[in-house]
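Participant: Chains as they are written, first to last, in the working numbering: chain Y, 1 to 108; chain X, 1001 to 1338.
If you're looking for bench data, these hints aren't it; they were derived computationally from the structure.
There's no promise every hint is true.
Under 8 Å between C-beta atoms, here's a sample of chain X residues computed to sit facing chain Y [to be verified]:
1) Leu1121
2) Pro1129
3) Phe1250
4) Pro1295
5) Lys1299
6) Cys1303
BS3-like cross-link-like pairs, simulated, lysine-lysine; straight-line CA separation at most 25 Å [what the hints assert, rightly or not]:
7) X/Lys1255 <-> Y/Lys34
8) X/Lys1210 <-> X/Lys1199
9) X/Lys1157 <-> X/Lys1094
10) Y/Lys34 <-> X/Lys1128
11) X/Lys1052 <-> X/Lys1094
12) X/Lys1323 <-> X/Lys1297
13) X/Lys1297 <-> Y/Lys34
14) X/Lys1029 <-> Y/Lys34
15) X/Lys1255 <-> X/Lys1297
16) X/Lys1094 <-> X/Lys1074
17) X/Lys1199 <-> X/Lys1225
18) X/Lys1029 <-> X/Lys1128
Bear in mind that the values here come from a model prediction, so they are computed numbers and not experimental data.
For every residue, glycine included, the Cβ atom is placed at its ideal position computed from N, Cα and C.
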Amino acid sequence: MEEDIRIYVEEAPGQRREIIAPTDMGLSLMEVLKASGYDIMATCGGMALCATCHVEVLAGPALFEPNDDELDMLETLPVVHPGSRLSCQIRLTPQTDGLVVRLAPTGA
Amino acid sequence: MPNVISTDICIVGAGPVGLFAVFEAGLLKLRCHVVDALPQPGGQLSEIYPKKPIYDIPGFPEILAGDLVTNLMKQIEPFHPTFTLGERVERFAKLDDGSFQLYTTDGTEIQCKAVAIAGGLGSFEPRKPAVENLEQFEGGKGVHYMVRDPEHFRDQKIVIAGGGDSALDWTNFLANVAADVTLVHRGTTFRGAADSAEKVKTLAEAGKIKLVLSSNVTHLHGNGKLAEVTITGNDGTAETMPLDHFIPLFGLTPKLGPIGEWGLELTDDAIVVDTLDYSTSLPGVFAIGDINTYPGKLKLILCGFHEAALMCQGAFKYIYPDKKYTLKYTTVNGVPTL
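All chains should be built: construct the whole structure from the sequences, respecting the hints.
Facilitator: Structural data, given as structure tokens:
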């Protein structure tokens, strides 16, 4: 039985909301954020095709490198940050415990 | 001479669910016309992931998305559906007799007795960068989200923004057409095709184009027509230069598009339907597949197939309120025909 992990969403500077997420259901960060009530379109359903689940990783454990599909999609965005990722491509595992993210503005 | 088509059900969207709706309608002897903005049938399956295997189509342990589309096209062939591909439905009107008229971007007119919207993600539209005053210069005033006719830019001063393949390709192409080309990219490297990126660098070194890296277009200026652009570097330095046209090329993103303006009840850009027959808030208009929403909605192809079958029952009742219909099994009636 794998354990639940904690991820944090920075909703405003210095204001972080803790979210408890299971790691035994193969969920992506996008799915957990959506289920937690965040206004994420995730139009393409998680295929790295729409970038509507764009987040900025602020702190936490080192993540695996984005794959080509994700990098190609990030490349087309008008605004990215050093920690920009598509949350649909981040699979939640015990190794992602403590991740801190900020949601990108809609459409960016 | 406008192209006018007459049919029973006009299906908006030629994805898997729209295609299977042709089959279910055919069993009820209803004819279908299918419209899609993409130039080929299959929707996302053909356009985005034709080589991806799908594992949750009943009866197919594994099937490539492209093969599923090929099979669906074969399955609906006996019902002789007609298609308008590469045109987007822009407007629609409900007539006093309960029938509908739909008009596409290219002027095709479709007269039908019921409408089934199977629009999936919507249509793919250009992603707009966050630039002040951007919308003020749309519609022929200097901002273009795609290059329709390169000649439009002959001997003009243009600024292109973006770092993907289309930004690179158009920079290379327009370097020989426009008077002056500047490419602005927020990064320092390009992930696009290596030879296009190389060509851009060569043109920049030869002084044929201006390449501005680590920068973004941040402001547009002009009185009714675009005149100047401000480019701000990641280090905060800003430069303003004159131009005739600004072409931001940041890829495509799915948008609900004109369907959102047809007066149907929406929630979060999805069409609200009654699961009895997938009817929308406007009688005679139905919505199936990823574009609709209802309690418990799952965006799955197999759910869309089910929705298509029930939708056709509702469409039949709408078109022939006095006719009785009894369900027929394909095993009883053999190869289906219209």
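Participant: So which hints don't hold here, by number, going up?
Facilitator: 4, 6, 9, 11, 12, 14, 16, 17 and 18
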